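There are 2 protein chains.
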Amino acid sequence: MRGPIFNQDDSEFFSVRDPSEVSGEAVDAWVDGLAQAGIGTLMSCVCAMVANYASSVWETRWTRYDPEGPDDQPLLAHLAPESVPATRRWIESEKRLAELGVNFHERAFARCKQHGIGAWASIRMNDLHDCNLPESPLLSSFYKDQRDRGLTRVPYRSGGWPELALDWGREEVRDHYMRLVREVLSFRGIEGLELDWMRFGWHFRIGREAEGGELLTDWIRRVRRLCDAAAQREGHPVRLGCRVPSTPQTARMLGMDGAAWAREGLVDLVVPTPFWETCEFDMPIATWKGLLEGTNCALAGGLEIRYQPCRGGWSSMMTPELAAGAATAVLAGGADYVYLFNYFAKGHLDNLWSPESYVRTLSAMRGLATLNKLPRRHGVTFRDIVAPGEPSGRLLPAEPGLSIFRIQTGPKPVGRSVQVLLELEAADGAEPEAPGVRVNSVECPAPTREGKAVLLYPVPDAALSDSETVIEATSAARIIRVEVVIGAPEA
Amino acid sequence: MRGPIFNQDDSEFFSVRDPSEVSGEAVDAWVDGLAQAGIGTLMSCVCAMVANYASSVWETRWTRYDPEGPDDQPLLAHLAPESVPATRRWIESEKRLAELGVNFHERAFARCKQHGIGAWASIRMNDLHDCNLPESPLLSSFYKDQRDRGLTRVPYRSGGWPELALDWGREEVRDHYMRLVREVLSFRGIEGLELDWMRFGWHFRIGREAEGGELLTDWIRRVRRLCDAAAQREGHPVRLGCRVPSTPQTARMLGMDGAAWAREGLVDLVVPTPFWETCEFDMPIATWKGLLEGTNCALAGGLEIRYQPCRGGWSSMMTPELAAGAATAVLAGGADYVYLFNYFAKGHLDNLWSPESYVRTLSAMRGLATLNKLPRRHGVTFRDIVAPGEPSGRLLPAEPGLSIFRIQTGPKPVGRSVQVLLELEAADGAEPEAPGVRVNSVECPAPTREGKAVLLYPVPDAALSDSETVIEATSAARIIRVEVVIGAPEA
Chain A
0 MRGPIFNQDD SEFFSVRDPS EVSGEAVDAW VDGLAQAGIG TLMSCVCAMV
50 ANYASSVWET RWTRYDPEGP DDQPLLAHLA PESVPATRRW IESEKRLAEL
100 GVNFHERAFA RCKQHGIGAW ASIRMNDLHD CNLPESPLLS SFYKDQRDRG
150 LTRVPYRSGG WPELALDWGR EEVRDHYMRL VREVLSFRGI EGLELDWMRF
200 GWHFRIGREA EGGELLTDWI RRVRRLCDAA AQREGHPVRL GCRVPSTPQT
250 ARMLGMDGAA WAREGLVDLV VPTPFWETCE FDMPIATWKG LLEGTNCALA
300 GGLEIRYQPC RGGWSSMMTP ELAAGAATAV LAGGADYVYL FNYFAKGHLD
350 NLWSPESYVR TLSAMRGLAT LNKLPRRHGV TFRDIVAPGE PSGRLLPAEP
400 GLSIFRIQTG PKPVGRSVQV LLELEAADGA EPEAPGVRVN SVECPAPTRE
450 GKAVLLYPVP DAALSDSETV IEATSAARII RVEVVIGAPE A
Chain B
0 MRGPIFNQDD SEFFSVRDPS EVSGEAVDAW VDGLAQAGIG TLMSCVCAMV
50 ANYASSVWET RWTRYDPEGP DDQPLLAHLA PESVPATRRW IESEKRLAEL
100 GVNFHERAFA RCKQHGIGAW ASIRMNDLHD CNLPESPLLS SFYKDQRDRG
150 LTRVPYRSGG WPELALDWGR EEVRDHYMRL VREVLSFRGI EGLELDWMRF
200 GWHFRIGREA EGGELLTDWI RRVRRLCDAA AQREGHPVRL GCRVPSTPQT
250 ARMLGMDGAA WAREGLVDLV VPTPFWETCE FDMPIATWKG LLEGTNCALA
300 GGLEIRYQPC RGGWSSMMTP ELAAGAATAV LAGGADYVYL FNYFAKGHLD
350 NLWSPESYVR TLSAMRGLAT LNKLPRRHGV TFRDIVAPGE PSGRLLPAEP
400 GLSIFRIQTG PKPVGRSVQV LLELEAADGA EPEAPGVRVN SVECPAPTRE
450 GKAVLLYPVP DAALSDSETV IEATSAARII RVEVVIGAPE A
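Line by line, the protein sequences give chains A and B.
Position 330 of the first sequence, counting from 1, maps to 329 under numbering that gives the first Met the number 0, and the rest follow consecutively.
Position 326 of the second sequence, counting from 1, maps to 325 under numbering that gives the first Met the number 0, and the rest follow consecutively.
Source of the hints: derived by calculation from the structure; they are not laboratory data.
Since this is a predicted model, take the numbers as computed values, not measurements.
Treat the hints with caution; some may be incorrect.
To be verified - Calculated cross-link-like contacts (lysine to aspartate or glutamate; reagent style EDC-like; alpha-carbon spacing at most 16 Å): (1) A:Lys288 with B:Glu20; (2) B:Lys345 with B:Glu355; (3) B:Lys411 with A:Asp27; (4) A:Lys345 with A:Asp31; (5) A:Lys451 with A:Glu430; (6) A:Lys112 with A:Asp166; (7) B:Lys288 with A:Glu292; (8) B:Lys288 with A:Glu430; (9) A:Lys94 with A:Asp129; (10) A:Lys94 with A:Asp174; (11) A:Lys411 with B:Glu210; (12) B:Lys411 with B:Asp465; (13) A:Lys288 with B:Glu233; (14) A:Lys451 with A:Asp465; (15) B:Lys94 with B:Asp17; (16) B:Lys94 with B:Glu20; (17) B:Lys112 with B:Glu292; (18) B:Lys411 with B:Asp460.
From just these sequences and the hints, can you work out the full model?
This is how it looks when you write it as C-alpha cells:
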C-alpha cells in the first residue's frame, strides 16, 4: 500500500458533472487528477443507502426515479424545491454512466493500476443522510421499511440522524449489507474492500453495543473469507479495511473493536477517524500503534474536512496548513498512512485551496519528511464520536482563568517561525486584554494582534519540543480558538 | 504471582502501634492477617520522601528527630499542635523497630514466603505529602533543597502539591532514587520491586513529559538490569512492576508509558490506577490488555479507597459492595489481578467494613468466580489523573434533561436483584420528581425512594447485559450519584 489514502464518496463525481459530461474517459481523467495530486490509494465509495452503480442486489439512486416525471414525483417531493434541479442532474449522471455500460469503480480501478494507485472499494455501513425525511433519493426501500416498522437504533426517542440508524443487531440488516459485499467483491481489479463503519458510527441499540460487537466480528470473519476467495480469482491479495472511531476504547464500546479485528487477522488496515463535525488533531495514534504491534495490519489516521474548535461554534473548512498539521500529527504518532475523507478538489475547498496548494499538500502527505517542509497549523478541537454515556471532554471554549491546552505537533520545528494563536471572545468589539502565555513552561513575549481578538505569541526557541506542545494561558476572557502556527522551513 | 495485590504504605503499620508494640513478631502477626484476608502478593512500601527502615543511603523518618527534644523542635514545629503526639509515637515506632535490628520488609518477606504470599517492595517515586510546609517529618533534605532552589516541576506558579513535585528531568533526582533502588534490591527474600509512579503522578515540567518519558524509560532499563542481578543473588526471579495512570494515552502523555515498558520487556507487571480522589470504576482495562498482548507482562487494575461521584463533592470511603464492583470490572475487563491501595484493615475502613466483610471481600478478589458470588455496586465517578492540557470528561453532576451514563458492570447478573440508584440534588428538602429511566434501552418501572432524593429503579431481566450497562435518565433535577446495585446471588 501507499499513502495518502483518498476516499471518493458515492456522489461527488456525479454531482459536479452534467449527465452529458460523464463517460469512461471522464472517469479516467478524474483518476489522472488523483495521480497528479500524489494519491497512493483510492477508496471508491459504492453507496450511501443506495448503490451508485448498476447493482443487481441493491437499489440504485435511479431505481425509483422517473426521468420523464415532474419535480414533485414521490422520490423528490420532500426535497427543498431549490435543490431539485441539482438533484435530478446528479441522479441522471449516475444513470447515464450506467447506461453507457461503465461501472465507475471497475473503470477507476483499471486506471489506478496504470498509475500504481491502490484500488479499493468502500462501503458505507449505515449511511443516514436525509433519514428523517419520509422520502428522498438518498433513502432505500429497505431503510424505510426498517424505520417505519420502528426497528431503528433508538426508536423510543426522536433525535438526530444517529438515533434513526439501522440496528446492526438485526439479522436482516447484516444480510442486506452482505449481499452488497458479495457483489462489490466481484468487481474486476479490486485490491481491497473498506467497511466504512463511520458513516455513521452508531450501529446498535444503546447498551447493546458489546453483544453487537460480537455479531459484527463474526460478520467480518465472513467478509474476510469472501475477500480471500476474491483474491484467488484476481490473482493478488484483496485486502480488508475498516474506518472506526478515533479512540480505541470508544471504538470498542460502540461495537467496532478494530484492534481486536486486527489481532485476529481479519483486517489489513484500520483507520481511526473522527466522524464529521471537526477534524481531530489529537487522536491517540500511539495507542492504536501499540495495539496493532505484532499484527500485519496497517494503520492510517483519518482527516475530516471541517474545522470546529468549539462544538456548535464557528467552523470552517480545513485549510492546507491545518490539513498539513493534522497529517503531520498522524504520521509522527506512528501511523503508516494519512487518510483523507471529503477532500475533494472541487466544491467546498474552492475558496481555501488553490489547485497548486491542493496538489502540493496532498502529495506531501506521502511521508513525514515531505510534510515537514510545509507550513502547518495544529488546532485544538474536540472528539465528535463518543459512545452513549461516555464522557466527552472538551477544552474549548475555555472559561476565564488559567487554561492548559495540549496538542500533538510532530517533529520539533527547529529554525522555523513558531507562534501560538489565541482567539478570545470579545464583547461588543472591545479589545480584550492579552493573556499571559507559557509554551512548554517557557514564558512567551507579548503578542501581536490580528484584529482585536486574535493574538499571536512568538514562541521562543527554548520552548520548542518534539511531539507535543502544551500551552498555559491565563486569560480574563473566554478563549475560543487555539492553534500552533508553524511557518515553512527557510529555503 | 497471585492476586489480590496489597499495597502496604510506608506508615500504617507504625502509626497504629505504640512503640512498645512493634517487634519482629508484630510484623509476623500482621502478615498472618494478610494471609487470613487472602492476599496473594504484598507490595511493601519502603518510603515516602524518607525511608521507613534503617537506610544507609537515604534519610529515615527519625534521622532528624530528637526523642528528648520538645514538641516544637524543628522537625515538628510546623505541624498542627494536636497532631504532634501521634506523629511522635509513629516516628518512635519506626525508630524502635530499627533499633531492635529488624528490617520491616525483610521480616515481612520471610513471613510471606511461609504463607505463599508474593514478597515485593514498593518505592514511591515522588511522594509529596506536606510538601508545601517549610518543614515536616515527611520532608527529606533532598526535597527541600530542590524545592527551595526553585527546581520543582512548576516553580513559576503556586498550586497544589503536584506543582511542587520533584522534576524527574533532573539527573540528581534520578540518581537520588537510584540509590534507594540499589539498596532495596539488596533486601533478602525480595521477589519483586514496584516503582510507584502514582505517588504522585506528575514528574516533569509541563510540556516536557515526552522527553522526560524517554529519560524514565532509560532509567528503568538500568533498574531492570539491577533486578536481574538481584535475581542471580536470590536464586529466583526478582520482578519489576509499575503503577501508572489509569488510561494508556494519559500515562504516555505524562511520561509513564507502561505499555511501551512492557513491550520492551522491562516490566513484569503494569498497574493502571486512579490517583486518590476517587476509585475509577471504568478504567479502559481492555485497551491495556490489548497493549500487553504478546508480552510476558501481567496486568492488574488498581482500586483506590475513596469514592467520589462529583469532583469536589460528597465523598466516602469505598464500601465492600463498591470494592467488589470495581474489582469485578477490573477482572471482567481482562486484568490478571486486582490491586488494592490504601485498603487497610484498621483505620479509615473501621466504620464501613466489619472484620468479616474485609476478609470475605478481599479474599474473593482472587478471581471473578468468587467475586461474582458477592453483592456489588458499580458507581459513576471521574478520572482524577489527567495530563496537563488533556480534557477531563465528567458525567456528574449531570444537568437537567436527558443524561446517559455508561459503566462497566461485569458478568450479566442473571437471577439476581438489580437496581439502578439515582441521587438527585434536592433544594431545601423538597422531593424531586422521579426521572424516567431506561437501562440498556429497556424502560424501568417506577422507583422506590430512600429518603427524598435517592431513587432505586428495579431493572427488568430483559435489560441485563454482559460487561457494560447504559442508563438513560430524563430528569428535571441535577443528578449527583449513579450506581448499579447488584444483590447477592440466591443461595
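TODO: Output the numbers, in ascending order, of every earlier hint that fails for this structure.
DONE: The structure conflicts with hints 1, 3, 6, 8, 9, 10, 13, 14, 17, although it agrees with all the remaining ones.
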